Each structure stands twice: as structure tokens, then as C-alpha cells.
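4 protein chains.
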Amino acid sequence: MKIEQHHIQDSNNKNLKTHQDNFDFLSNNLTKKGVNVNTLIKKLQDFQVAIPSWALGAGGTRFGRFSFYGEPSNLEQKIQDIGIIHSLTQTAGAVSLHIPWDIPEDYNAIKELAGSLDIKFDAVNSNTFQDQANAKESYKYGSLSNTSEAVRQQAIQHNLDVINIGNKLGSKSLTVWLADGSCFPGQNNFQTALQNTENSLKDIYKGLPNDWSMLIEYKPYEPNFYSTVIQDWGTSFMLANACGDKAYSLVDLGHHLPNSNIEQIVSILMSKGKLGGFHFNDSKYGDDDLTVGSIKPYALFLIFNELVYGMKNNPQNPDLAWMIDASHNVKDPLEDLIQSLEAIQEAYAKALLIDQDELKSAQLNNDVVKCQEILQDAYRTDVRPLLEKARIENGGALSPINAYRSLDVRNGLIKERGKNTVATGL
Amino acid sequence: MKIEQHHIQDSNNKNLKTHQDNFDFLSNNLTKKGVNVNTLIKKLQDFQVAIPSWALGAGGTRFGRFSFYGEPSNLEQKIQDIGIIHSLTQTAGAVSLHIPWDIPEDYNAIKELAGSLDIKFDAVNSNTFQDQANAKESYKYGSLSNTSEAVRQQAIQHNLDVINIGNKLGSKSLTVWLADGSCFPGQNNFQTALQNTENSLKDIYKGLPNDWSMLIEYKPYEPNFYSTVIQDWGTSFMLANACGDKAYSLVDLGHHLPNSNIEQIVSILMSKGKLGGFHFNDSKYGDDDLTVGSIKPYALFLIFNELVYGMKNNPQNPDLAWMIDASHNVKDPLEDLIQSLEAIQEAYAKALLIDQDELKSAQLNNDVVKCQEILQDAYRTDVRPLLEKARIENGGALSPINAYRSLDVRNGLIKERGKNTVATGL
Amino acid sequence: MKIEQHHIQDSNNKNLKTHQDNFDFLSNNLTKKGVNVNTLIKKLQDFQVAIPSWALGAGGTRFGRFSFYGEPSNLEQKIQDIGIIHSLTQTAGAVSLHIPWDIPEDYNAIKELAGSLDIKFDAVNSNTFQDQANAKESYKYGSLSNTSEAVRQQAIQHNLDVINIGNKLGSKSLTVWLADGSCFPGQNNFQTALQNTENSLKDIYKGLPNDWSMLIEYKPYEPNFYSTVIQDWGTSFMLANACGDKAYSLVDLGHHLPNSNIEQIVSILMSKGKLGGFHFNDSKYGDDDLTVGSIKPYALFLIFNELVYGMKNNPQNPDLAWMIDASHNVKDPLEDLIQSLEAIQEAYAKALLIDQDELKSAQLNNDVVKCQEILQDAYRTDVRPLLEKARIENGGALSPINAYRSLDVRNGLIKERGKNTVATGL
Amino acid sequence: MKIEQHHIQDSNNKNLKTHQDNFDFLSNNLTKKGVNVNTLIKKLQDFQVAIPSWALGAGGTRFGRFSFYGEPSNLEQKIQDIGIIHSLTQTAGAVSLHIPWDIPEDYNAIKELAGSLDIKFDAVNSNTFQDQANAKESYKYGSLSNTSEAVRQQAIQHNLDVINIGNKLGSKSLTVWLADGSCFPGQNNFQTALQNTENSLKDIYKGLPNDWSMLIEYKPYEPNFYSTVIQDWGTSFMLANACGDKAYSLVDLGHHLPNSNIEQIVSILMSKGKLGGFHFNDSKYGDDDLTVGSIKPYALFLIFNELVYGMKNNPQNPDLAWMIDASHNVKDPLEDLIQSLEAIQEAYAKALLIDQDELKSAQLNNDVVKCQEILQDAYRTDVRPLLEKARIENGGALSPINAYRSLDVRNGLIKERGKNTVATGL
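Residue numbers (the numbering used here), protein chains in the order written: chain A, 16 to 441; chain B, 16 to 441; chain C, 16 to 441; chain D, 16 to 441.
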């Protein structure tokens, strides 16, 4: 299933006048304050977020999973789903593959399909947190950190294979998320586990093409519940430094202890030129993988404030790999992703409204009240007309959610695929 | 020092046209969506928040305190400060006294002063967490929960005295916040401590005038670091039920464990007719007492969603005692309070925009995506023109912060009071 | 597979002398301090903990599951596994069934088997957090709290069916754990959800036999990640009161927000006669379901201090339903359960060593240092000889783990059952 | 006041026989298991912990302070207090000075006094979190990170002065704890604040004598409640690397976010040769500064497990600066310190009992159950007889708390100093 341009435009038509009024009014106000609205819209249009191939079906918890109808059951269908989202939002122009769940059978066909939908291949993700059928070694007690060399070698080779697959598709980065750790005190020797991990990462790094990056994710707990080998940004940063210039840290918003100041971490990593990628989601308790911006939108805005600052002032960082990493337990996965993309663009737009010179000046004067006023002035602005404009200029929908519903996309998918399909990897 | 009406109007004049344009545009949009803008503005105007008498000077931490210039050094000056805030915001029409820090010397004079500034006397607060000079008994090991009857009696009598003072001023409620608890396992017998507290509260309750309420605050920790006698809403609720119909729970936003869902607590207390008061502030880690809305504005909005719902659907609750309970360590206290008041009004206005019928209908259909869209549509609306309108109709400032600064209020206060005054209780 | 008495005794023999020396030395010391060692041992022997029928196989996380060899694949085998544990520890004399995973096919045969192993049927557990094949209604959006009456009725009826099943086996209590809640703000109307839950529980309560209890579990989050309907003890307590005298709260150690003072909750529930059951496990981050005592053994001791106090001073509580509720992701499930049972007995024994009169006296004197000394003196005592004595007097093993290994139980089970069996419900 | 040796011995006499029996029995058991008891006792005796000069009086919270009778009111008296603790425990052979609270007036006299009590001068602590009378610049908005160069210079110079003072006394390390940070989003530019801090630390480092270390403490929040410049070990580690070989991280047990795995941090820092010092205390919620071992003794044991491992396997670390950093709000400060010292020695002794070879072997076999058994076997051992032996061999008390009380030390101090003295800095 594919959404035709004219369907989107039809769905836009009836609200176009309202949009234009709102946009003109806001644009006028912002221009008076010195904002270059066109530049801002261009930046929003350039901001593309990858959709991971595992996010197109319903997720679940250890207590069970309630599937959604019409889920994609192969990689082609997954890319088609992303195509739908991208045609509506004009923000989802990339896919991030999870290997081995989504190994292409026919590389050319897949590349052609993605190309036809204007979708690039972003970071590829390895999986050493589950045992695959026919695998010789088990990851039950760890992969890159395992005390057994045979297990480590299998995990290293898997990552090299993933690079190889990604290379054929045009990916330029490998994301390594390790579930390795321990459930009980004493189970692991922390020093050995870290040393093994460092050595393994270096072996993978050796196989990295010159124009690739390696992104090292961190997470404090889960699936291991006592310790994780790469538990925090400090460890990820240390490992990235040990590997070399093409290794970076990757921040996933849900991978922090309660009350963490994530925006500060983002800022410090950027100042050191070591932020390589970003996984968006939201959470109230742990790695809840909820829709981006659904719980703490102001925190997301503060993070984007640091990202905007860093993208301008810290050129030593690479182009960041942006990805949504959420789970869709009670929503239509495509609607959930549309809401996430909207929240990301909103936070980005608001962060772009901050007058960085004025802020710096207030900071120099220790005018704390003014600093807050500046941030809140940007945050309180209703930027939705800007997002709409950015989208429709590129052929997207004024309201992607409304268009998705009025075009009855989900029923179209069910008709095509049947009700009880299950996405691979779930 | 007092701000004259015409000074405020002068400061408003130059931005009045911009305001009117913004208001008209927003009002028009909202009206089209079915919002009765006048009703909404009336509700904002009726929403008055008490300023506690201890919040007009700089706060501090156990590591020290950096004082602010021109602090009020007696109750009259504190009320004058609130008068300044109220004249600018038209939202701070009440004071909440802390006894013994602010016992009036001349009741009539104080009442007259407050009346002239349009300030009412809201809940009075007792203090049994510090020893007063000349006090016979010490609260080091607790007050209403103490194992010593003499200490409990002293604390009960103090609360009765506070009621008496409040009564002379027109207050209608007593807020009891207990610091009681323990720093170490074994220090307290939990059951005895709770039973003593219940008995003490009942004794205070007996002395409560018929038209008064008793508000029982809860807090999980600090200043005691192992246990608190009234640790959570469940305990507060149990005690309020034990005391009687005039006893209620009081929610302070900072008094919860990490990740608590406060809006749910608010909702449940309202459904049971047992929410009596509310202390506003914001926090990232614990009882940080930061400016309202400065850290988690969306959570504040969700709480107001429950308050709005409850104020409409749960008439069994009393009129709530609203108060700001923040500490001002690095800002001018008056500016901090102005920012807090603005954030409260903003959250309230946004919550009022939620179409409760549409929400209920989406909930019945388990349309989770729609539920979120409804909340976010309200939240993403820039309601500042509504707040401005509500203020200026009542004689307040378009922008209270800007007016406060352009009128050079702080320097006026310093001129009147001198630089190095210290507010009582700090 | 069944362990024969003489095998256990053989395995005990070689360490019997060492045990006796240790026991004599400790017993002598304790007697000098006024402890009645025989009474204490009798209490340890009487303390029996139920094993849930889902805990005999490997657990997992949402990221995957690594199965264990020789898992029981039907109810008979599960009860045999418990029989093995009980014969070694003499502490696991009960099973807690999970319905529908473990509905007996032949009630008499199952009762006979359990009886032959000295195993009672403790609380039965209903399951409304997963959809069953052929179920008419789905629990995706809640069960007892669902906005749809048909769903609520199905869930109520399921609970009544569970009571019926339990009744045939001799169970005397029903444990209700609800996964109900919401993943996103706005998804649920908190008041409606709670009211529906209360009504549904009352309907179940009506079907409760006179000599049964209903145990209402609470949990702050997971599988729902924004709110849970029965989020904390306060809500559980309120619901138990609404249902009636036979309804109680059930405390699961892992179901609390970070930093919660669980021992205080236990104490308050007991003082109000409303503690009905207890689920043991341990955790560092959330509901990690780790081996009891593996992370915070001192907290477990403090909880037992309150339990011991309450069992003596609060006779209004029923006999508590004790159960282990852990998940076994990286250990042999039977070994994990043995370690949990040992940790429970250890904490209980240490709590029994506390001189409650001395403690009360130190509390009255506010001698905080002494209070701590009293608790720590008990906690620092090595009570293992007492546990050994309690076990071997009843025919158990000196060291259940060592006996389990030296008797090569797991290989016996694999031989009987095959390697790749999977326990129902996992 | 000074405790005479013969008084301690008198107090020991009546329990000496019991001690000897207990010691012999334990020693015999441990020897059978292959433990060299003499070596272990020697290690306990060598383990000396510094007492900070601010810890001899009652602490407090922002809500108030309840003073203790007989507090030391000058440095001499503080050192005498430490002398008392050391004579009883034989574990507190060092003092850690806080400047400017405790600048010696007569260096030689102070050195002589300390020497006579067998007390060394450990790390010196600077204070840039409070303004000193007559200070030209204020630290309200930060010290080493301040945007104003004048403020930074003042803070740098203060640290150099502290080094100078320490140098005269024989100290060999400087501890830098920064309160710097921000209370509100936007207040600080994270990158600038960190860069300023790095530059300032480098300037201090230049003034460090060759045989000194600089210890960089981290803390996530408080007194600033939105961000701290040196928020976590990662930042501290990065700064230490930037400064040079003599700069190290310092771990304070209370300075972590909820649920942090501190033992892993300790382990990683040691493996990188960058752990320089350690502040002991305990906590349930935040930086509660409670008695060591009073809340989470097992976590303390796990930390010591890593320390013991690191002290053996990571010779690249310096001799660690051990210090107690607790606050004494409801206990006699000296008794509190005695309890802390006991808990430290206990955790150390238990960690020394772990058979590291056996543990490593179980880890290599992924025998998780065995790993736990090994740790718990050590932890469950009652090591008090070893601590007693270590103490009395060196002239200390069998039970320091009992001796302190039977010798009526507090009343002696009150007699000498008067009741209402107040320790400097409180």
C-alpha cells in the first residue's frame, strides 16, 4: 500500500485556509522578533528521523503482547509502512535495520523500493541479546563481554556481518547495544567484563569501513537487573575513546537512572565531539519506550536546546543518527510513530526559536529569571503552523494523524495483509 | 512601597496593541472550536493563590544561604511584598501565615493593611519542626508523634494557638505539616508514632471552629531521612478520615517519591472528597522547591486537568487552599513568585481548554491516540494572550515581570528597607 | 522424581559434627542473652512459604528468554519440583496455583500427589493480564477496570472460576493482581477506572466463601507505564475496606517506587488489621523479581522485624499468605528458590532475635544509638546454625543447595523429562 | 579530655573471656576454611579512616538544627574528640581539615597535639560553597565554574591557600568538592561551566606539590537542584584525566542518583587507576549523610569487595584517602562516628573473607548460584570477634560504644566545655 500525493493534497485542502492564517500570524510575530522563518522551516524539513524496522508492529512486555491488525510480516512491508509515514510527515526519510530480524533477501529490490519511497538506510543494529536458531554459542551470560572467547568471537563476527549487510545498502553506521551485564552481585567480575567488551569493540572497529561510525549505546539496567557492562555515558565515552575517532556514544532517552539530567549529558558529549546518535522515546519509570514527548515534553525541548547549540558550536561531531526507539503496546504503531515525529519536530522548532545570544548574555549576567523567561518564551510558542508549513511544502499532510485516519490506512493494510500477521522480531 | 495603578497602565500601554491582536486571533480560533473565552477568562481571574509569609526572602540549603537585598523584615513588609505581586499579577490575593515567625502584633492594623491591598488570609501554618526560644520541650525527636506526652501536649497547644491567631484574621483553615519521623531503622515504633499522631490530630481537630478545615500534609522524607510519620497520601487520607469531615489531605507537589504519578493521587483524593489544599512548586530530585512549572510543566498541566475535572465533578470537596511553597535561592523572590503564578495560570488555562466530553468519548472507545491528541492540542496552545487579558481587565500588568523590572521595584524596596535586611524565619 | 529421606541424611552426615559444634556454640551464646532457642527453632519450622506454580521454569524479559533444561511441563511435574525443594528445605510446604496456566485435570490425583509431598494449596491467583485463546473479550485496555461492561464481567467471572478451582483443592484465599492501568496521560479516567475496579472487586467478593480471604495486590507500574489502577498500598487499603472484612492488602516487595520505606507500609497495614499476604523477591531497579535477599538483605530483615512485631501485637490480621514471587532468568529455578527460602528464614530468625522490650525502652528514651545497636546486634549474628537445626530436625538437608547438587537433581529431572521442555505460562 | 589506656582496659576486662571464646571459635572455623586470620587482623588494624573536622558537632537540615551538648568549639577540641574516638576504636587515626572553618592558629601546637593522639593529617578540604565574611566575590552563582574570572580566581587562590595550610601539617591531598551548578534550565551554559571548571582545576593542579594528589568529588544535585557541574563519575574522571597523573576521582557514597550501582563505579575507577579517595556514609533517599552501614550494609560490603579486589589487582591507584562524611542530626556525634567506624571495619572484614580464586572460578563457569553463595557465605559470617581482636591488640576497646558510655565521656566533655558550645562551621 502506498499513499498517493493527490490523496494527501485532497485531505489538506479543507484546512489550508486556516493553516495559512495561522502561519501568517505566527510568522509575522516571529519575524518581528527577529526570527528568520524561512531558515527555520528549511531546518525542520532537513531534519529526518529513522524508523527502526522493529517498530512497525505492536510491542509488548514480559507479561504479554496484544497484537495489532495488519502488521507487516516482512522487510518489504516494513519499508512500505515507513513510506506511508514518510509521505504524510515528510520527516521519516530513513530506516534503521535490525539484524538478524530483517536481513534483505534481494538487496537490489530492497534498495529500489526504499529509493522509490525516498527512504535512506541509516544505522544498522546488531543483536546479541537473543539466541538465534542454529547459533553455536548462547548469549545467556553475555556476548562481547562473555568470559568465553568462543562466545565473544561469535558476537564480534555477527557485528562484522551486520556491517557487511549495511554496507550493501548504503548505511554508514553500526549501532551496538549490549544487553550484557549481570543479575546478581558477584556474577560478573566488572573489570574483566569491561575489558572483554573493550577488546571486542576494538575488533569490530577494525572491520569498520573508513566512512562509517560505530555508535556505542549505554543503559543502566534491563534485561540484566543488577549491573550492565556499559551502564552510563561515562563508560560509553571511555570505550569510544579507546576504539578511535570513528567511535561515538549513542544516547537513548530511556536509558538513564531516575532524575538524570540528560540534556547535560548530551551537552558534554557534544562538547567533546563524541555524540554520534540519538534514540528518541519517552518514559515515566524506566525504559518504558513510550511515544516521544508524551510524558516529559519540556525535557525533550531542553535536550533539543543542547542539540541545536551543539550542532552549531561543536562541528567536531558527526551528523547525528536520529532514530525513534519506542514500543507500541496500546496504539496503532503507525499512529504512534506519527505522534512521535510530531513531538520531535515540535521540540526542535521551539529550540530553534531560542535567541542564543540573548541567552548567553543573560547567563553572563547571572540573570536566572531572564534565562528562564527566554527558554519559556520559546517553549510556550505554539509552533504547529511552522511544522505544517514545513510538511506541506514538501508534499506532506497538514495533519498526518487526521490524514492517516481519513485515508483509512490501517484498513487498507489489513485488507492487503490480513488481520493476524506478526512482524518479525516480536 | 506600593505600586500605583497608573504606573502599571503606563507600562502596559506600549504593548497593548500587540496584546489585543494576539488575543483577538486566539480568541477567534478558540471560539470556532467551541470554547467560551469569556467564561474561561473569568475562571482565571477567580483563581487566587496564597503566598506564604516565609517566601518573600531568599531561601537556602543546609550548605548555606545567599541573602537577597531589600528583604522584608516584618509582617507588614511581607504583606506589602505580596501586595506588589498581587497588583501586577492579580492572582496573589491571599497570604498564608507561618506561626510563630509571623505573629501579628496589631491584628487590626494588619487586617487593614491586607484589606487595602485586596489580600485575604488563607490557611495558617503551624511549626513544630524547630525549637522556639524559651520552649519547654524540644521537637528533636518529634512533636505530635513524640513518645513523651508533654511534648505532644506542647505541640497540640501550639496548633490550637495558631488556630486562634488565624481566627482573628479571618483564616478558615489550618495546615499541619509534620517533620516527625526517624533517621534510623528502629528509632521509631511505626505503630506507636502513627497512633500518637492520630490522637494528637484529633485533639487539635476538637479545637477547630465549625467553618474551618484542617489540612494534613504528607511527605516521604526530609528532614528525617529514614521514615516520616505521615509519609504518603494513604496515611494522610487515613488520618483525615479518622479526624472527621473537616479534615482533608493536602498535596505538596514536591513531597513524593521519584516517578510518582501525582495527578492520579489528586484525582483519587478528589473522588473521595478529601482534597483540601495544594502547595505548588517544582522539582527534579526531591523537595527542591523550585519555581512552579520550571522543570515539569506538562505534569503540572496533567494535574490541573484532574483539578478542573474534580472541581466540576466532585462537589464534595471544599474550596481548595492554593498556595505556592517554593524557595528562592538564586532569584529575586518576588520575580520567582511572579514566574510561579504565571506557570500556574498557564497550566490552569490549558486544562480548561480540554474538551472533557470529547476526551471521555475517546476514553470509552479506547482511542488512546485520540486521548493524547486532545490533551496535547490543549497543551500546545499558546494561552498567554488569555492570561494577559485576565490580568489587565483587573488592573494588572500585561507582563508582570517586565513591569516589575521597568518600575524598578527591587531598588525601591532596597531604598526603603536597606540592603541587608533578613526576613524572619530564614 | 522424588528425593528419598535417606539420601538427604547421607548427604548431611559428613557435616553433622561441624553443624552440631556451631549450633551448640551459638545456642549457648543466645541462651546466655535470654533467647529461648527451642521456641525460636519451632517458629522457623512453622514458617512455610508457598511456591507459585509459574516459578519452576526459567523466566525471561521482554528482550527474550533463555530456557533451562528439564523444566516441568505440567502441573504434576511442578508439584514434584516443589516436593523436591520442600524435602530439602522443609520450608516450602505449599503451592500457589496460577489459573489458567495450571488448572488441574484430575483434582483428586493432584490433591493426593500434593498431600504425599506434604504440600498444601495456598492462595490461588487469577490472570486477567493476558488474553486466553478463545476468550471473547480482550484485556488489552484493562479487565476489572475496563470501560466495557462485557470485559469486566468476563474478568469477574474468571475470578469466580478461580475461587471455585481453589475451593476444590483446599485453598483459602484468592490473590487479585491487576495489570490494569494506562500507558499514556488521558488514556484512562482515573476516577472511572477506580470506581469500576471497586465495583468489580465487590462482585468477586460476593462469591468468596466465608472462610476465604481476598488479597488485593498493588503495583505502581508495568506492564502499564503511565498509571496503574491499584498503584499503591493506599489504594489497595481503600479497596479492601470497601469490600469488607475478608479483603486485605497484599504486599509484593518489588512493587514500589524507588526508595519506598516498605517496612513502614507493612507496619501500618498490620496495625489496621489489613495485611493479608506477602510476595517475596528482591530488586535493585523495579519489579526485577530477583532472588530474595540477594540485593537488600537488611531491608528484608527490617521488614521481618515489623512482621514479627505485628504477628505478636496485631492479632486482628489473618494468617498471612507467604509466597515467593521471583523470576529465574540466569539460575536453575530450583536452586534460586532454595536460595530465596534460605534468605527468608535467615531474615526471620534474625528478627526473632531482637529483644522487643529492650527496643521499646530505647525508643522511649530516644536513645537512637541504642535502637540501632539492638537491631544490628541481631542482624550481625550468624544464624545459619539455627536454620540448619530447624531443617534437619524435620528431615531436611543441612545445606539444601549442596544436597541438591550432590544428589544431581537437575540431571535426574532432565533424564526424566528431556532437555527442552517448557513450563506452561512461560 | 583524654581517655587513659587503663580505663579502656578496665572496661574491657569483664568481657575479655567471652571475647576470647568467640574469637577462638571463629578463628578456628576460618582457619579450617583456609583463611589466614592473623593477616586479616593486621589488615583491619592498618585500615585507618579520617574524621573530618566538621563532623564532631551536631549537623542539621535546612529546616533547622538541634545542637548537642559539649560540642568542640575550636580545632584543638575537635582533635581531642577524634583522639577519644581513636583511642576506643583504633581506626580513626586521621583528621581531614575543612578550610576556612578550621585554620590552625598555631601549627606546631596542633601538630604536636595530633601526634600525641596518634592522628595524622589526611586530605584537606576547600570550601567554595559559602561566602566568607570579607570575601570580595560571592559564590552564589558558582566558584571554579563561574562566568566571572574574578570569582574563579578567588576560588582558585582559596584552593592554593588550602594546599599551603595542608602542607604545613603533613597532608598529602586536596579534596575539591564543588557545589557549582544551576537551579533552573538555561541558567548555566553546560559547556562553558565545564570548560571553566577544567581550566580552574588545572590552575590549582599547577600549585600541587609533587607528592600530593588532587581528589575531584562528584555529586548529581544539592545544593543546586537542576544541574551540578561535576555531576557524576564520568565527568570527574574526564577532569582528572585532563589535569594529570596526580588527579583522581573521589567517591562519596551519598552522591549518586537513585538505584546507582556504586560498586561498579568503584571497580571501573580502580581498573583505570583513577580512584583517589572515598567518603563513607549511608542514605535512603539522597545525600542523607546517615551513619555508615545503617541503611544498606550489603551494598557497603559489595563496595568493599571491589575495593579489596582493586587494592590487590590495581596497583596503579594511590593509597586511598578514606574519610567518614556523615551528619549527626539525632545522635551524639561521637557515638555516631563510632558506629560508622564499626560498620566500615565489618564490611572490610567480610570482604576480606571472600575467596577470590573460588569466586573467579565460579564466574568463569557462569555458576551464578555459586557466585552468590560465596559472597553470602562471607557476608553472613559474624566477624565481630575479629574486629574486637584487632582493636584490643592495639589498645582499643572491646566495645567502643559501651566503653564510651561507661566512661561517661559526653558528660566529661560537657563538664569541660559547657553545654551550649557550637562547633565551627555548623
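No lab work stands behind these hints: they were computed from the structure.
Take the hints with a grain of salt, since some may be wrong.
Given that identical chains are not distinguished, each listed pair holds provided it fits within a single copy or across any two copies.
Said to hold, decoys possible - Restricting the straight-line Cα-Cα distance to at most 27 Å, the calculated cross-link-like pairs of lysine-lysine (BS3-like) are: (1) LYS151 / LYS375; (2) LYS261 / LYS221; (3) LYS430 / LYS183; (4) LYS385 / LYS17; (5) LYS183 / LYS47; (6) LYS187 / LYS58; (7) LYS287 / LYS221; (8) LYS29 / LYS187; (9) LYS48 / LYS287; (10) LYS126 / LYS17; (11) LYS183 / LYS287; (12) LYS221 / LYS375; (13) LYS261 / LYS183; (14) LYS183 / LYS151; (15) LYS287 / LYS261; (16) LYS135 / LYS187; (17) LYS287 / LYS375; (18) LYS126 / LYS287; (19) LYS151 / LYS385; (20) LYS17 / LYS135; (21) LYS430 / LYS375; (22) LYS385 / LYS327; (23) LYS32 / LYS47; (24) LYS48 / LYS32; (25) LYS217 / LYS375; (26) LYS217 / LYS287; (27) LYS47 / LYS155; (28) LYS47 / LYS29; (29) LYS261 / LYS385; (30) LYS183 / LYS29.
Quantities reported herein were computed from a predicted structural model and do not represent experimental measurements.
Cross-check of the supplied hints:
no.	hint	verdict
1	LYS151 / LYS375	between (57 Å within a copy, 25 Å between copies)
2	LYS261 / LYS221	within (10 Å within a copy, 33 Å between copies)
3	LYS430 / LYS183	neither (33 Å within a copy, 47 Å between copies)
4	LYS385 / LYS17	between (49 Å within a copy, 24 Å between copies)
5	LYS183 / LYS47	neither (49 Å within a copy, 53 Å between copies)
6	LYS187 / LYS58	within (22 Å within a copy, 54 Å between copies)
7	LYS287 / LYS221	both (23 Å within a copy, 23 Å between copies)
8	LYS29 / LYS187	neither (41 Å within a copy, 55 Å between copies)
9	LYS48 / LYS287	neither (33 Å within a copy, 49 Å between copies)
10	LYS126 / LYS17	within (17 Å within a copy, 60 Å between copies)
11	LYS183 / LYS287	neither (31 Å within a copy, 39 Å between copies)
12	LYS221 / LYS375	neither (42 Å within a copy, 30 Å between copies)
13	LYS261 / LYS183	within (19 Å within a copy, 49 Å between copies)
14	LYS183 / LYS151	within (26 Å within a copy, 47 Å between copies)
15	LYS287 / LYS261	both (13 Å within a copy, 22 Å between copies)
16	LYS135 / LYS187	within (10 Å within a copy, 58 Å between copies)
17	LYS287 / LYS375	within (20 Å within a copy, 37 Å between copies)
18	LYS126 / LYS287	neither (35 Å within a copy, 45 Å between copies)
19	LYS151 / LYS385	between (61 Å within a copy, 25 Å between copies)
20	LYS17 / LYS135	within (17 Å within a copy, 60 Å between copies)
21	LYS430 / LYS375	neither (56 Å within a copy, 30 Å between copies)
22	LYS385 / LYS327	within (23 Å within a copy, 37 Å between copies)
23	LYS32 / LYS47	both (23 Å within a copy, 14 Å between copies)
24	LYS48 / LYS32	both (25 Å within a copy, 16 Å between copies)
25	LYS217 / LYS375	between (40 Å within a copy, 25 Å between copies)
26	LYS217 / LYS287	both (20 Å within a copy, 18 Å between copies)
27	LYS47 / LYS155	neither (60 Å within a copy, 36 Å between copies)
28	LYS47 / LYS29	between (29 Å within a copy, 15 Å between copies)
29	LYS261 / LYS385	neither (39 Å within a copy, 40 Å between copies)
30	LYS183 / LYS29	neither (44 Å within a copy, 63 Å between copies)
Comparing the model with each earlier hint shows violations of hints 3, 5, 8, 9, 11, 12, 18, 21, 27, 29 and 30; every other hint is respected.
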